[in-house]
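> One letter stands for each residue in the lines below.
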Amino acid sequence: RVSSDGKPPKFQPPPKPVIIDRKTQKEERRFLSPEFIPPRGRTAPLKYYIERKDMIQRRKVFNIPEFYVGHVLAVTTADPYASDKSKRFVGICIQRGGKGLGATFVLRNVIEDQGVEICYELYSPRIQAIEVLKLEKRLDENLMYLRDALPEYSTFDVNMKPVPRMDHEEIPVNKLQVRMKPKPWSKRWERPKYNIKGIKFELPEHKMKAAQKWSQPWLEFDMLREYDTSKIEAKIWKELSEELEK
Amino acid sequence: MMPIWTKSGEKRPVTLLKVQDCHVLRYVSKEESGGKTAKLLVGGKNVSPFSKPESAHEIFKEAGVPRKQKVTTFNVTDDAIIKPGTPLYAAHFRPGQFVDVTAKTIGKGFQGVMKRWGFKGQPASHGQTKTHRRPGAISTNKAAKVYRGKKMPGKMGNIYRTSFGLKVWRINTKHDIIYVNGSVPGHTNCLVKVRDSKLPTYKDCNKNPPFPTFFADGDEELPEDLFDEEMFQFTDPSVTFA
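Top line first, the protein sequences correspond to chains A and B. Counting along the first sequence from 1, when you hit position 243 you're at 243 in the UniProt record's numbering, and nothing is skipped either side. Counting along the second sequence from 1, when you hit position 221 you're at 221 in the UniProt record's numbering, and nothing is skipped either side.
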C-alpha cells in the first residue's frame with residue numbers, strides 16, 4: 001500500500017463488533033383480553049363500541065391484570081354478610097367466558113376435601129382486588145376436566161405467596177399431564193371434540209380408538225366457521241392503548 | 001343487551017335502544033281523528049325513497065323529512081303538541097322514568113300447539129300410537145261445536161306486543177341511546193316504539209320530564225351521559241359495605 005505522505009501508514013484498528021441483543025429486540029408481547037373481541041353476529045358495532053368505553057372506564061379505576069386459564073388467582077370481593085365485609089378466594093382459573101361487560105372467569109380450589117368453584121364477573125363492582133399468584137399457562141384453554149381429576153391437581157394453598165416473576169415476557173407453559181379418577185366422568189374427555197392434551201389417559205387402546213369414531217375431521221376445513229379476528233384485534237388494541245394512556 | 005350494576009352491587013340486565021332520526025310528521029286534531037285526544041304521527045329510521053311510489057311520500061314532504069321506515073301514532077294532550085318536522089332525541093326521556101316498549105315479536109312461523117300455547121302433549125311411550133305433540137280433545141260432547149278462539153296450531157310470533165313498566169337506567173345524549181331495564185320484544189336491530197308508562201303505579205313517577213320534548217337547539221346543555229341515582233357508574237371505585 002502506498003501512502004500519500006512518505007510516512008508509514010497509520011495503524012487503523014479493526015472496527016469493533018456490534019452486538020445485536022436479539023432478546024431485547026423481540027417484539028413486545030401484546031395481550032388483548034378475550035372479552036374485548038366481539039362475537040360474530042348481527043349486532044350493530046355501535047353497541048360493542050359503547051360497551052368497550054365502559055370496560056375501559058372500569059379498567060382505569062380498577063386494575064384487571066393479564067391472566068390466562070391455568071393461572072392461580074386470589075380474588076377479594078365485598079360481602080355484606082361477612083364479618084370483615086370482604087371475602088378472599090384463591091383458585092386456579094378453569095375457564096374464561098362471556099364477552100363484553102358480562103365476562104366471567106371460574107376459579108376452582110379444593111378446601112377441606114370439598115371441591116369449590118366460584119364464577120366471578122370481571123367487571124362487577126363488588127370485586128375489590130384480583131392478584132395473580134402463579135403465572136402458568138396450561139396445554140388447554142378449558143380446564144373443566146379438573147373436576148374428574150384427582151383432587152391433588154386442584155388444591156392450592158389459601159395463604160400462598162405470589163410467585164415472583166423475573167421477565168416481563170414469555171409466560172411459561174406447564175405441560176403437566178393430569179391423572180384422572182376412575183370413570184364415569186362428568187364428560188367423555190377422551191372424545192376428540194374436547195381436544196384435550198393435558199390428560200394422561202390410562203384407558204385401554206381399544207377405548208381410545210373407539211372414541212376417535214366421534215371425530216369430525218372436516219370441521220377444520222369448514223370455511224363458514226372461520227372467524228379471522230386479527231384485524232379486529234389490532235384495531236381494538238390500538239383503541240385500548242390510546243385510551244389507557246390518557 | 002348488557003349487564004348493569006346498582007350501587008349495592010346487584011346485577012341487572014339492560015337493553016340498549018337507539019333513537020335513530022326520529023321526526024314528528026303530522027299533527028292530527030281530536031275532531032279529525034275521532035278519538036279522545038289529539039294524535040301526533042312520528043316517523044323512525046331513515047330509508048331510501050325509491051322503493052315506494054310518490055303518493056306515499058306526501059306526509060314526509062309536508063314535514064320536510066326523508067322517508068321513514070316506520071310511522072307510529074302517539075296520543076297527546078293539547079298542551080304537548082309539537083310542530084311537524086321537529087327531531088326527537090333520546091334526551092326526551094330521563095333516567096328514573098318508567099317506560100312501555102312495543103315491538104313486533106320474533107316470527108316463529110307455523111308452530112304446533114305445544115310451542116305456541118304450551119300444551120303438555122302426550123307421553124313418549126307406553127303404547128301411544130302416533131300421538132306425542134297433538135292437542136288431544138278440542139271440545140266437549142254437550143257443546144257439539146268448537147268454540148271461537150280455540151287454541152290450535154298456527155302462525156306464531158310477528159305480532160305487536162308490549163313490555164310494561166321498564167325503568168330507564170341511563171341515557172347517552174351523544175349517540176341517542178336509552179338503557180331500559182329487562183328485555184324488550186323483537187329481534188336485534190328491530191324498530192321499537194317507546195312510550196311513557198301507562199301503569200297506575202308509575203302515574204306520578206315522572207318528575208319534571210322535558211315537556212313537550214327535548215329541543216337540541218335550546219339553552220340546556222346536557223352532559224354526554226345521564227345516570228340514574230341507583231346505578232353504579234364505572235368512574236366510582238369498587239363497592240364496599242361499611
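Treat the hints loosely; a few may be bogus.
Claimed, not checked - Chain A stretches covered by chain B per the calculated footprint, using a threshold of three residues with CB under 8 Å from any CB of chain B:
(1) 56-64
(2) 78-91
(3) 184-194
Since the hints were made in silico from the structure, they are not lab data. Only a predicted model underlies this, so the values are computations on that prediction, with no experimental measurement involved. Cβ coordinates follow ideal geometry from the N, Cα and C atoms, glycine included.
> Please go over all the hints and tell whether each is borne out by the structure.
Structure-based check of all given hints:
1. 56-64: holds (count 4)
2. 78-91: holds (count 5)
3. 184-194: This one is violated; 0 residues, fewer than the three required, reach chain B with a Cβ under 8 Å.
Comparing the model with each earlier hint shows a violation of hint 3 alone; every other hint is respected.
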